[in-house]
Amino acid sequence: MYFQPEIETMDREKLRDLQLTRMQESAKNAFDNIEFYRKSFGEAGVTPDDLKSFDDLTKFPFVTKQDMRDAYPFAMFARPMVDVARIHASSGTTGQATVVGHTANDLKHWGECFARGIYMVNGGPQSTLQVSYGYGLFTGGLGAHAGGEAVGCAVIPTSSGNTKRQVQMMRDCKTDILACTPSYALLIADTAIEMGYKPWEEFPISGGIFGAEPASDNMREEIASKLGIQYCDVYGLSEIMGPGVAMECAERHGLHIAEDHFYCEIIDPETLKPVPDGEWGELVITTLTRECCPLIRYRTRDVTRIISEPCACGRTHRKIDKLRGRTDDMLIIRGVNVFPSQIEQVITTFPEVATHYLITLTNKGPLDHVLLQVETEPGFPIDEIRKLEDLKARLGAELKSNLQVSVEIQLVEPKTLERSMGKAKRVIDLREGTHA
Amino acid sequence: MITQLTVFLENSKGRLSDACRVIADGNINMKALFLSDTTDFGVARIFCDTPEKAAGLLNEAGHRAALTSVIAVSVPNEPGGLSKLLQYCDSCDMNIEYGYCFIVDGDRAIDVLKIDSDDAEEKLIEGGFTIVKPEEVYAI
Chain Y
1 MYFQPEIETM DREKLRDLQL TRMQESAKNA FDNIEFYRKS FGEAGVTPDD LKSFDDLTKF
61 PFVTKQDMRD AYPFAMFARP MVDVARIHAS SGTTGQATVV GHTANDLKHW GECFARGIYM
121 VNGGPQSTLQ VSYGYGLFTG GLGAHAGGEA VGCAVIPTSS GNTKRQVQMM RDCKTDILAC
181 TPSYALLIAD TAIEMGYKPW EEFPISGGIF GAEPASDNMR EEIASKLGIQ YCDVYGLSEI
241 MGPGVAMECA ERHGLHIAED HFYCEIIDPE TLKPVPDGEW GELVITTLTR ECCPLIRYRT
301 RDVTRIISEP CACGRTHRKI DKLRGRTDDM LIIRGVNVFP SQIEQVITTF PEVATHYLIT
361 LTNKGPLDHV LLQVETEPGF PIDEIRKLED LKARLGAELK SNLQVSVEIQ LVEPKTLERS
421 MGKAKRVIDL REGTHA
Chain P
1 MITQLTVFLE NSKGRLSDAC RVIADGNINM KALFLSDTTD FGVARIFCDT PEKAAGLLNE
61 AGHRAALTSV IAVSVPNEPG GLSKLLQYCD SCDMNIEYGY CFIVDGDRAI DVLKIDSDDA
121 EEKLIEGGFT IVKPEEVYAI
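The listed protein sequences correspond, in order, to chains Y and P.
For the record, in the first sequence the residue sitting at position 354 is 354 according to my numbering, with numbers rising by one throughout.
For the record, in the second sequence the residue sitting at position 42 is 42 according to my numbering, with numbers rising by one throughout.
Hints were generated in silico from the structure; no laboratory data involved.
For glycine and all other residues, C-beta sits at the position ideal for the given N, C-alpha and C.
One or more of the hints may lead you astray.
Stated by the list, open to error - With the Cβ distance kept under 8 Å, some of the chain Y side facing chain P (calculated, not the full set): (1) M195; (2) I382; (3) Q410; (4) P414.
As the list claims (entries may be wrong) - Computed far set for chain Y versus chain P, every beta-carbon distance over 10 Å: (5) Q66; (6) K226; (7) S341.
Hey, can you work out the whole structure from these sequences and the hints?
Take a look at the structure:
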C-alpha cells in the first residue's frame with residue numbers, strides 16, 4: 001500500500017523530468033529572492049538559466065550549515081513573513097542556531113513525505129499514531145504529527161517524557177505505530193517490560209518510525225523484538241525540512257528518498273566531486289519544492305550511498321543506505337576515508353576487548369600511522385603472552401580487512417584510556433600538514 | 001593449584017614501579033616476581049601473600065591484574081631436578097604454556113608450571129611429584 005501511489009511508483013523517466021523542472025524552479029526561487037544565492041551563484045559564474053541538465057548542477061556552489069548560521073535569522077528566507085506559516089530552529093549547541101521557515105505548502109509537503117512512511121509500516125487512516133518525539137522547535141514532534149494528520153490517523157501527541165504514561169497510553173489507547181528517537185523507543189520498551197508487560201505480544205503496536213539519531217543494527221533489532229514491530233528508519237534534517245526526507249520500506253534495505261521533493265547527490269568530501277551511485281560519500285541535497293527556504297546543494301555532512309537498484313516494494317524512488325557517520329568525524333588515512341564508528345564496529349565483534357579505545361594518528365614517516373589503544377576485558381587470560389599476541393594479530397587483521405588501512409594495535413592498562421560519562425575523546429590527530 | 005598474581009604492563013616507563021608501589025602500599029609482601037616482555041607489553045607473574053587483595057588493589061588503581069591458577073612442584077635442589085619434571089610432563093603429553101623456578105632454601109626448589117590440561121596435577125601426583133599447597137607457598 002502506498003500513500004501517494006501515482007508519485008511513489010512514478011515511472012523513473014517521468015520522475016527525472018519532474019525533478020529537473022522543479023530543480024530549475026527551485027534554483028530560480030533561491031536566486032530571485034535570496035541575496036546569498038545571487039552572490040554565491042555570481043561568484044561561481046552561473047545563473048539558474050545554466051541549469052539545463054542534472055550534470056549542470058555540479059557547476060553550482062554548495063551551501064553549508066555555516067552559511068545558514070550566518071544568515072540568522074531570516075536572510076535565507078525566500079518569502080516575506082506574511083507567507084511564513086511556521087518557524088523551526090535547530091539547537092544551538094554546536095554554534096549559532098539555524099532558523100528555517102516553512103510556508104503552508106512546505107508544511108503540507110512535509111506531512112505527505114512522512115505519511116509515506118506510515119504506509120510503509122502498514123499504517124492508514126484506521127491507525128493510531130503515538131508521537132513521542134519532542135514537540136517544539138525540534139522538527140521531530142510536529143513533523144511526525146503532520147504525517148499522521150495527512151494520513152488521517154488518530155494522532156496521540158504524547159511528546160517525549162513521562163515514560164510510564166507513554167506505556168499506559170500505548171497500551172490503553174491501542175497505539176499501532178510509535179514515532180520517536182530510537183533511544184527513546186528502547187526506553188519505552190524497557191519501561192513497559194519493567195512494568196510487567198510483554199509489549200511484543202500484549203500490545204497491538206505493529207510499527208515504529210524512528211530517527212533523528214544514529215542507532216546500531218543491534219539496537220534496531222532489540223527495539224523491534226521488544227515491541228514486536230516493523231522498524232522504519234526515517235531520515236531528515238531540520239535545515240532541509242525535518243523527518244521524512246527519506247524513509248525505510250518493509251524491504252529493510254535502504255530509505256526511499258522523497259525524490260519528488262529532494263534531489264540527492266553523493267560527493268567525495270575531499271574532492272567535492274560527485275561519486276557514482278553505490279559509492280559512499282557525503283549526501284548533498286537540493287530541495288525541489290521548498291518555498292520559504294530553498295537549498296541548492298546543501299552539504300548534509302551525513303555519509304551514505306545511493307542505492308539505485310529497483311526495490312521489491314514497487315516504489316521507484318531511489319534509496320539512501322543507512323547513515324554511516326558524519327564527515328565531521330571522518331578521518332582520511334593514507335587517502336582512505338575511515339570513520340571511528342567503523343573501528344568501533346570491529347572492536348565490538350571482539351568480546352575479549354573492552355569498548356574503550358583511543359586512536360592516535362601521526363605522520364612522522366612518509367605515511368600516516370594509526371595507533372589503536374585498547375584494553376582487554378577483565379576476564380581475559382592476561383598471563384598467557386601467546387593469547388595476548390594472538391588477540392592483537394586477529395584484531396589487526398580484522399581492522400585491516402574492514403578499513404583497508406593497517407592499524408597498529410597496542411594493548412594498554414585500563415588507566416591509560418580516559419573514562420567519560422559523556423562523549424569520550426576517541427581520536428587524537430597529531431599529524432602535521434594539511435589535515436584538519 | 002596455587003594462585004599466581006598476574007599483572008599486565010604496557011611497555012612504558014614506570015609501569016612496573018607503579019604496580020609494585022600499589023602492592024607495597026597494601027602492605028603485601030612478594031615472594032617471587034617474574035617478568036616476561038614483548039615489544040610493546042609485559043606480564044609480571046607474582047607470588048605474594050593475599051593475591052586476591054593485591055589484584056583488587058591493582059585493578060582499583062587502574063592496572064590490569066588477574067588471578068591465575070598454576071601448579072607449583074617442589075623438586076630437589078640438585079642437577080636434573082627440573083629436567084626430570086619436564087621429561088615426565090613430556091611423556092604424559094602435557095603442553096607447558098610457561099614456567100619458572102625459584103629456590104626456597106638450600107634443599108628444595110619450586111618449579112611453577114602453567115599447563116593447559118585439567119588433570120595435570122593428578123598426573124604429576126601419580127608420577128610421584130610433590131605438589132606445593134597454597135599455604136606452603138604463601139608461608140615460604
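Hints and how they fare:
1. A least Cβ separation of about 37 Å between Y:M195 and chain P goes past the 8 Å threshold, and the interface hint is therefore violated.
2. Checking Y:I382 against chain P: minimum C-beta separation of about 4 Å stays under 8 Å; hint holds.
3. A least Cβ separation of about 6 Å between Y:Q410 and chain P falls short of the 8 Å threshold, and the interface hint therefore holds.
4. At about 5 Å, the closest approach between the beta carbon of Y:P414 and any beta carbon in chain P falls short of 8 Å, and the interface hint on this residue holds.
5. Every CB of chain P lies more than 10 Å from the CB of Y:Q66, the least distance being 41 Å, so the non-interface label holds.
6. With a least CB separation of 34 Å from chain P, Y:K226 remains clear of the 10 Å interface cut-off, as annotated.
7. Annotated as non-interface, Y:S341 keeps its C-beta farther than 10 Å from every C-beta of chain P; the closest such distance is 26 Å.
The earlier numbered hint that this structure contradicts is number 1, and it is the only one.
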